[in-house]
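Undergrad: All chains, full assembly: derive it from the sequences and hints.
Chains as they are written, first to last, in our numbering: chain A, 5 to 770; chain B, 469 to 537.
Keep in mind the hints are simulated off the structure, nothing from the lab.
Note that this is a predicted model, so its numbers are computed, not measured.
C-beta atoms are modelled at their ideal positions from N, C-alpha and C, and glycine is treated no differently.
Please note that a few of the clues may not be correct.
Cut-off 30 Å, straight-line C-alpha distance, at most; resulting in silico cross-link-like pairs (BS3-like, lysine-lysine) [said to hold, decoys possible]:
id: 1; chain 1: B; residue 1: LYS537; chain 2: A; residue 2: LYS331
id: 2; chain 1: B; residue 1: LYS493; chain 2: A; residue 2: LYS600
id: 3; chain 1: B; residue 1: LYS493; chain 2: A; residue 2: LYS642
id: 4; chain 1: A; residue 1: LYS495; chain 2: B; residue 2: LYS537
id: 5; chain 1: A; residue 1: LYS736; chain 2: B; residue 2: LYS537
Here are a few chain B residues that face chain A, going by a calculated C-beta distance under 7 Å [to be verified]:
id: 6; residue: SER479
id: 7; residue: ARG481
id: 8; residue: ALA483
id: 9; residue: VAL496
id: 10; residue: THR497
id: 11; residue: ASP521
id: 12; residue: ALA523
id: 13; residue: ILE524
id: 14; residue: GLY525
id: 15; residue: GLU531
id: 16; residue: ASP536
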Amino acid sequence: MDQQALRALEACCVQEEPPFCSAACPLRVDVRAFMAALTKGDTRSARRVLDRHMPFPAIVGRLCEAPCQAACKRIEVDSTLAIGLLERYCVAATEQVLKPPKMPAKGGRVAVAGGGLFGMTAALDLARKGREVHLFTPAKELGGTLEEKFRSHLPDDAFIQAASTLSGYGAHLHFQVRLDADALKAFAQDYEALCLDGNEIDMAGLPFAASTPDPVTLAVNDVGCFGGGAPNGPDFQVIRQVADGRRAALSVERFLQKVSLTAEREREGSISTRLFTSIEQVQPQAAILPASGAEYNSTEARAEASRCIQCECLECVKQCAFLQEFKEYPKTLVRRVYNNLSIVQGTRSANTMINSCSLCSQCTIICPHDFPMAALCRDARERMVQTEHMPPSAHDFALEEMRFTLGDACSLARHQPGMDASRYLFFPGCQLAGSAPEQVSATYQFLMDQLQGGVGLLLSCCGIPAQWAGDEALFQETLASLQATLDAFGKPELICACTSCLALVRKHLPAYASTSLWEILAALEHLPPECRTPTQPLALHDPCGARDNAGLRASVRQLCGRLGVQLHDTTMPEELADCCGYGGLMQFANQPLGRKAATVKAGRSEYPALAYCAMCRDNVAGAGKASAHLLEYLFPGKAGDDPLERANPGFSLRHENRSRLKEQLMHSLWQETAGDAPAHSALRLIIAPDLTSLLESRHILHEDVQKVIFHAEQGGNYLLNPENGHRLAKYKPVRVTYWVEYEATDNGFIVHNSYSHRMVLPEALP
Amino acid sequence: MSTLSFTHPTSWRCAACNQDLQPQKVAVTYLHSVFHVELMACSQCGFVLVPEDLAIGKMLEVEQLLEDK
Ligand code: SF4
Ligand code: SF4
Ligand SMILES: [Zn+2]
Chain A
5 MDQQALRALE ACCVQEEPPF CSAACPLRVD VRAFMAALTK GDTRSARRVL
55 DRHMPFPAIV GRLCEAPCQA ACKRIEVDST LAIGLLERYC VAATEQVLKP
105 PKMPAKGGRV AVAGGGLFGM TAALDLARKG REVHLFTPAK ELGGTLEEKF
155 RSHLPDDAFI QAASTLSGYG AHLHFQVRLD ADALKAFAQD YEALCLDGNE
205 IDMAGLPFAA STPDPVTLAV NDVGCFGGGA PNGPDFQVIR QVADGRRAAL
255 SVERFLQKVS LTAEREREGS ISTRLFTSIE QVQPQAAILP ASGAEYNSTE
305 ARAEASRCIQ CECLECVKQC AFLQEFKEYP KTLVRRVYNN LSIVQGTRSA
355 NTMINSCSLC SQCTIICPHD FPMAALCRDA RERMVQTEHM PPSAHDFALE
405 EMRFTLGDAC SLARHQPGMD ASRYLFFPGC QLAGSAPEQV SATYQFLMDQ
455 LQGGVGLLLS CCGIPAQWAG DEALFQETLA SLQATLDAFG KPELICACTS
505 CLALVRKHLP AYASTSLWEI LAALEHLPPE CRTPTQPLAL HDPCGARDNA
555 GLRASVRQLC GRLGVQLHDT TMPEELADCC GYGGLMQFAN QPLGRKAATV
605 KAGRSEYPAL AYCAMCRDNV AGAGKASAHL LEYLFPGKAG DDPLERANPG
655 FSLRHENRSR LKEQLMHSLW QETAGDAPAH SALRLIIAPD LTSLLESRHI
705 LHEDVQKVIF HAEQGGNYLL NPENGHRLAK YKPVRVTYWV EYEATDNGFI
755 VHNSYSHRMV LPEALP
Chain B
469 MSTLSFTHPT SWRCAACNQD LQPQKVAVTY LHSVFHVELM ACSQCGFVLV
519 PEDLAIGKML EVEQLLEDK
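TA: Below, the structure written as structure tokens:
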């Protein structure tokens with residue numbers, strides 16, 4: 005990712021765009037923060053917000069026409085916030101809290117002709133910037149020709165205070181100066197820049213060559229003369245005077261610094277904002293009117309301010325456990341990813357974050373600007389793998405499982421028994437084979453009965469774990485072998501039971517025909533004869549893998565309808581579905597977050613869950629929610645158990661189920677025997693249930709335990725505790741060293757504990 | 469370089485050598501880094517003990533630090 009890509013991604017997220025009120029305010033007053041402070045009753049903090057961006061708050065806070073108000077988002081719910089009245093309340097209730105700093109004097113003499121709000125603001129901003137400012141007015145006081153209808157709202161000494169503020173910043177004020185042609189000519193000559201306040205000066209009759217002020221720079225000529233503000237009349241607006249004064253001061257600054265007057269000034273003044281704010285959850289609440297008829301009291305002000313929505317986007321964060329966990333929104337997150345990738349020496353503190361995204365694209369669907377979070381995190385992972393900065397512990401376990409599934413123990417590709425061609429190839433996917441092997445067999449049998457032209461079987465893995473892990477080489481290798489199988493089978497139509505497999509095949513092998521099991525089943529005339537209607541209402545949990553496949557989701561609903569399921573949607577149905585925590589290998593790289601994601605998904609409905617993704621089914625069950633796979637109703641198991649009561653089988657059982665399924669199918673359908681099982685697999689283990697869950701969370705498979713004990717017992721290399729007869733042994737099959745504390749009995753090995761580490765001990769070195 | 473010690477009295481004995489475990493200096497490695505630590509080990513065959521609390525505590529911590537380097 006280069007700087008440009010970073011910028012483009014950052015710009016995609018609108019969370020940091022100004023809220024509607026502040027965008028409309030030409031002074032960019034942080035109205036949202038102002039309202040937040042008032043809501044807390046913290047009037048001083050509210051005043052601080054005004055002091056920061058508003059010149060002369062005691063005057064402007066009382067007189068501003070509040071153009072922000074018309075822009076307030078709340079109008080879409082009921083009525084806008086009374087921003088103007090609340091500002092008036094605030095400045096009346098407080099003294100100045102924050103005094104913006106004055107920068108060191110840096111030369112540059114500027115004359116300001118005219119003491120109206122335009123001239124006052126220009127003088128103030130320039131004085132704060134450290135310029136030597138001289139303000140001239142024919143009047144005895146500041147304020148220009150401001151009319152009584154405005155003045156009547158101000159304290160008597162408002163302009164005296166303003167004068168002392170200006171003097172405090174070092175501005176020189178010259179009262180009762182005639183601003184005639186000679187005076188103006190002299191200013192133009194004697195000062196490096198000149199600001200003309202149209203409230204006291206006739207801009208049409210200037211004694212030197214000048215045009216009407218340029219709308220962007222307010223320049224009237226190119227020798228440092230700027231003009232703004234308006235005479236009294238219909239065009240006069242307090243906020244315009246002030247905004248122009250600020251604009252003119254900025255132009256003078258640029259003029260004195262000899263930089264472009266025009267570059268990048270689009271964000272000055274009232275602007276439009278790209279912010280998105282949902283008002284879906286906002287309850288109507290009537291506007292508070294001052295009981296006195298004129299001004300708010302403190303209770304009223306607080307109540308009115310509390311109507312502020314505190315406009316922001318965060319639509320994605322509201323739903324996503326990952327974004328919530330890392331307390332980021334995509335705009336800030338993308339910078340952390342970028343910085344992480346740029347580190348040459350030092351700690352890559354964002355590794356875990358990058359590996360925690362489930363790559364499910366829920367946020368992208370939700371985002372008004374389609375922020376591509378999944379692509380960002382996945383590409384970052386690929387980069388980390390390429391540069392050898394991917395933490396091995398993040399994905400090792402999942403990738404080992406994938407290799408196991410692809411290996412001889414589990415993988416199988418056969419034409420339908422008795423046939424030598426396949427029009428279809430049934431591909432249950434690694435997780436369904438692990439979670440519900442009985443349903444895989446039954447489904448395959450049903451497909452063979454129903455479909456013409458031969459239905460082959462492919463037990464394997466599509467390679468998505470490698471893709472998620474950023475291991476592009478491994479992914480391409482897996483994909484190539486899948487492609488080779490499809491070619492060898494004469495390009496049959498691949499029937500995927502797993503929505504993620506299907507999405508992957510469609511994306512990466514677009515030339516091959518593929519479809520979902522659900523669409524195939526929905527198109528058949530009859531449901532499987534043994535199918536069973538669930539007795540209670542169920543909530544359909546769509547998987548994240550079906551996000552882009554509306555047809556598939558409709559087929560599932562059609563099947564549920566025919567099955568007579570009393571079906572409910574979750575609060576995040578269809579393309580909005582959450583990931584269960586498996587996606588992107590989240591649950592491996594960040595186990596606690598994976599659990600949280602499963603819990604969030606489980607909590608999207610009060611009804612028991614019906615899933616059509618094996619991992620969703622298992623993870624939602626793991627989160628303590630009764631959960632069944634649709635195939636368990638279409639093809640109920642022989643034991644007749646309630647599928648809703650089936651626990652999460654976990655990694656170990658899924659691991660064993662996959663190899664057992666191959667063995668069984670080879671035997672029952674093709675009358676073949678699978679190759680010899682490894683010797684360690686014959687060891688009988690006795691594992692208490694709570695130890696089973698500890699092993700699961702430590703990613704230690706029963707097979708790993710078998711390997712440790714097998715090697716220890718074979719060579720007699722173990723430690724012995726004479727007090728209780730326990731043995732402690734270790735073994736390092738690939739990268740991880742596993743330790744098992746166990747007891748040898750006549751019935752098998754009682755496992756007491758197991759743990760692992762990745763650090764390599766000396767005797768294990770090559 | 470000082471050697472971190474993780475030794476402590478233990479009831480585990482080496483079954484193969486019929487020996488008590490003794491503190492022993494060993495070099496453990498991870499991702500191109502070498503650490504010299506003192507662990508309990510069989511003085512005869514060199515079987516090194518990594519107790520559970522070390523594996524899931526300090527060792528894991530260091531592993532993760534190194535992984536993020
Ligand atoms: S939905 Fe998320 S990514 Fe999209 S603009 Fe809002 S905060 Fe940013
Ligand atoms: S609701 Fe609050 S933050 Fe949103 S536009 Fe109105 S005043 Fe501004
Ligand atoms: Zn020994």
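Undergrad: If a hint holds in the structure, say so; if it does not, say that too.
TA: Evaluation of the provided hints:
no., hint, result
1, B:LYS537 / A:LYS331, "23 Å, holds"
2, B:LYS493 / A:LYS600, "42 Å, violated"
3, B:LYS493 / A:LYS642, "58 Å, violated"
4, A:LYS495 / B:LYS537, "46 Å, violated"
5, A:LYS736 / B:LYS537, "24 Å, holds"
6, SER479, "5 Å, holds"
7, ARG481, "5 Å, holds"
8, ALA483, "4 Å, holds"
9, VAL496, "5 Å, holds"
10, THR497, "5 Å, holds"
11, ASP521, "9 Å, violated"
12, ALA523, "4 Å, holds"
13, ILE524, "6 Å, holds"
14, GLY525, "10 Å, violated"
15, GLU531, "5 Å, holds"
16, ASP536, "5 Å, holds"
The structure shown violates the earlier hints numbered 2, 3, 4, 11 and 14.
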